[in-house]
Amino acid sequence: MHLVVCIKQVPDTKNVRIDPDTHTLVRQGVESIINPFDLFAVEAALQIKDRLNARITVLTMGPPQAEEALRDTLSRGADEAVLLSDRAFAGSDTWATSTTLSAAIRKMGDVDLVLCGKQAVDGDTAQVGPEVATLLDIPYATFVKKIEVLDDRALKVTRQTDEGMEIWRLPTPALLTVIKEVGEPRLPSLRHKMRARKAQIPVWGVGDLGLDPGRVGLSGSFTQVVRVFSPPRRGNRVLLRGSPEEQAEQLYRNLKEAKVPGI
Amino acid sequence: MKAVVDPKKCTVCGVCAEACPFGAITVGETSVDVSDECTLCGMCVDTCEFGAISLPEAGAGVSTDSAEYSGIWVYAEWRMGTIHKVSHELLSAGRKLADRRGVALCAVVLGHLLDEDLLRELPEYGADRVYVVDHPRLAHFTDESYANALVELVRLKKPEILLAGATSMGRSFIPRVAALLGSGLTADCTDLDISDEGLLLQTRPAFGGNVMATIVCPHRRPQMATVRPKVMRPRKIEGRSGEIERLSVPEECLVGRVEVLEVIPERDQTAKLTEADVIVSGGRGLRKPENFALLEDLAHLVNGAVGASRGAVEEGWIAPSHQVGQTGRTVAPTLYMAVGLSGAIQHVVGMQGSKVIVAVNKDPDAPIFEVANYGIVADLFEFVPALIRRIRQERGEDS
Chain A
1 MHLVVCIKQV
11 PDTKNVRIDP
21 DTHTLVRQGV
31 ESIINPFDLF
41 AVEAALQIKD
51 RLNARITVLT
61 MGPPQAEEAL
71 RDTLSRGADE
81 AVLLSDRAFA
91 GSDTWATSTT
101 LSAAIRKMGD
111 VDLVLCGKQA
121 VDGDTAQVGP
131 EVATLLDIPY
141 ATFVKKIEVL
151 DDRALKVTRQ
161 TDEGMEIWRL
171 PTPALLTVIK
181 EVGEPRLPSL
191 RHKMRARKAQ
201 IPVWGVGDLG
211 LDPGRVGLSG
221 SFTQVVRVFS
231 PPRRGNRVLL
241 RGSPEEQAEQ
251 LYRNLKEAKV
261 PGI
Chain H
1 MKAVVDPKKC
11 TVCGVCAEAC
21 PFGAITVGET
31 SVDVSDECTL
41 CGMCVDTCEF
51 GAISLPEAGA
61 GVSTDSAEYS
71 GIWVYAEWRM
81 GTIHKVSHEL
91 LSAGRKLADR
101 RGVALCAVVL
111 GHLLDEDLLR
121 ELPEYGADRV
131 YVVDHPRLAH
141 FTDESYANAL
151 VELVRLKKPE
161 ILLAGATSMG
171 RSFIPRVAAL
181 LGSGLTADCT
191 DLDISDEGLL
201 LQTRPAFGGN
211 VMATIVCPHR
221 RPQMATVRPK
231 VMRPRKIEGR
241 SGEIERLSVP
251 EECLVGRVEV
261 LEVIPERDQT
271 AKLTEADVIV
281 SGGRGLRKPE
291 NFALLEDLAH
301 LVNGAVGASR
311 GAVEEGWIAP
321 SHQVGQTGRT
331 VAPTLYMAVG
341 LSGAIQHVVG
351 MQGSKVIVAV
361 NKDPDAPIFE
371 VANYGIVADL
381 FEFVPALIRR
391 IRQERGEDS
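Protein chains in written order, with the working numbering: chain A, 1 to 263; chain H, 1 to 399.
Certain hints may be false.
As the list claims (entries may be wrong) - With a cut-off of at most 30 Å between alpha-carbon atoms, the simulated BS3-like pairs for lysine-lysine come out as follows:
1) A:K146 <-> H:K85
2) H:K272 <-> A:K146
3) A:K180 <-> H:K85
4) A:K156 <-> A:K146
5) H:K272 <-> A:K156
6) H:K236 <-> A:K259
7) A:K193 <-> A:K180
8) H:K85 <-> H:K355
I should point out that these hints are in silico values taken from the structure, not numbers from a laboratory.
Start from the sequences and build out the full structure, keeping to the hints where you can.
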């Protein structure tokens, strides 16, 4: 079984703070990490490999330094990695990203299952997984928390929705986007780290994918950012002072005045 | 491609270099240089007060003929026998856009054995017309059948704008609709407007909610967006009526490869959290699992839900389904009370859309006070019981 996991490198927001005066992001020293949800996808693939004869290829699109993220997944037990990197990919929206990723998966040829995190924490769109599946013309399921590989080239998955759970059966090849309930990501092991360090990671550009440069990056994007601005500062920051009883009294009155339901 | 600096307008002040999250801008003696590190994110464009920076325009590929497309559609989400509240919110927001454009607003409902009363309610929220596809194959949601049916309707009627709720259903199948139609989609918008040329101005949080970005889809139709629940206000006009039109789609497009084996409804915490008007959240300041009972008391009293920070969940004090924030749920209730919770950025991005934020913390320097409307520096074990007593007192209940 050949599994492909799509990952994304995102800015680590752990140490990011908001400048109290300008209310903008202080970005100094922000490092890149693997999108946390994508680590769950890597873990889901490794769990399948624990039980079955499977090969895992990790795929990402990004600048040359995204190679580091791929090596990290190799050190956790993934078998191979491919980096999609080309100046032509810059400025991709979800459509252009999906076009590029699906072309790479098609080039690999023998893929049985594609795994993605449910969304990336920087963009939060949750669109790339479903769009890749649609472009590959394979079935997909989103927000998956449990995966069972059935004998007859099919999967049984449990999805978490706003209303509850759903159990679906999908024929493979298929694509799944996973949530954290699939399992805590395992840590890199010493053995895999050694292998990861030496691994050759092929870099594919727009020519390798056989794509017209007009279909990728900003020129292949349908959506465009026209304005970026700081969120409006939250109004009237009021510190309520006094004893706990006095503070409770003031808060109660303010909430009553704001007509908060239930108060 | 990278951001373009107009040397005639640039004063080499260097503000853009500080704003660049990727360190792609270097300030020289007489000019500003953008390196290949540029990802075209656009952060620098708005920070330049001289308007010297621009991004190359998104490519059109083949443009759809915009003139053929008219009208605004709202996908009205039918689930568990009801229409999702976000659909009502979107109809009321769509009404304003349709009036600005001078076009019709249509609701689209997919499902099976649909209740007439639910359909008649849609015009009361603003729809001029309701398109309905009622078919046994749409009794259960699957991405394929729902997306294929919606795509058929779009191809038939050609709306210029299609809006849907950013629910687990909308976020799952609307990307397929966009991919099948080959049009742009903006996820999770918090504000919508329309330009004089009819471009949908889609505003959403970016960079983990730290900045807002306005996005357009200039060359493709329909322009598509999903919108967060609870950010638009529903406006109901009793007795307003509209035309209900039943449509059918080719049988074969409703046949998917996915088989729904079981649907297990659960009024779980996650759902309660996203729908609650009041959320009381606790963090590490609660110190032990038993203390969450205090927050439950308060939440119960005001018919709210209990949330938690990642810290509290990691300690094992409360189930992960309660987690608010980047790896948990994004919520936007009327009132969000952050109790004993420091307010790490990952938490804040999941709740900053709340209307009123109250922070209760012993540490006056906790970052949570930065986003709070009302800050209470106090011991939560004294303050929360005092607030509970105050609410009970008003209702004439014994404390």
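For each hint, the structure was consulted:
For the hint pairing A:K146 with H:K85, the CA-to-CA distance comes to about 29 Å; that is within 30 Å, so the pair holds. Taking the CA atoms of H:K272 and A:K146, the gap is about 22 Å. The hint holds against a cut of 30 Å. Under the criterion of a C-alpha separation no larger than 30 Å, the hint pairing A:K180 with H:K85 is consistent with the structure, at around 27 Å. About 8 Å separates the Cα atoms of A:K156 and A:K146, which keeps this hinted pair within 30 Å; it holds.
Distance hint between H:K272 and A:K156 is fulfilled; the C-alpha atoms sit about 27 Å from each other, no more than 30 Å. Straight-line distance between C-alpha atoms of H:K236 and A:K259 comes to about 19 Å, which keeps the hinted pair within the 30 Å bound. Distance check on the hinted pair: A:K193 and A:K180 sit about 24 Å apart at the alpha-carbon level, within 30 Å; holds. Taken as a hint, the H:K85 and H:K355 pair is honoured in the structure, with Cα atoms around 18 Å apart against an allowance of 30 Å.
Every hint, counting from the list given before, is met by this structure.
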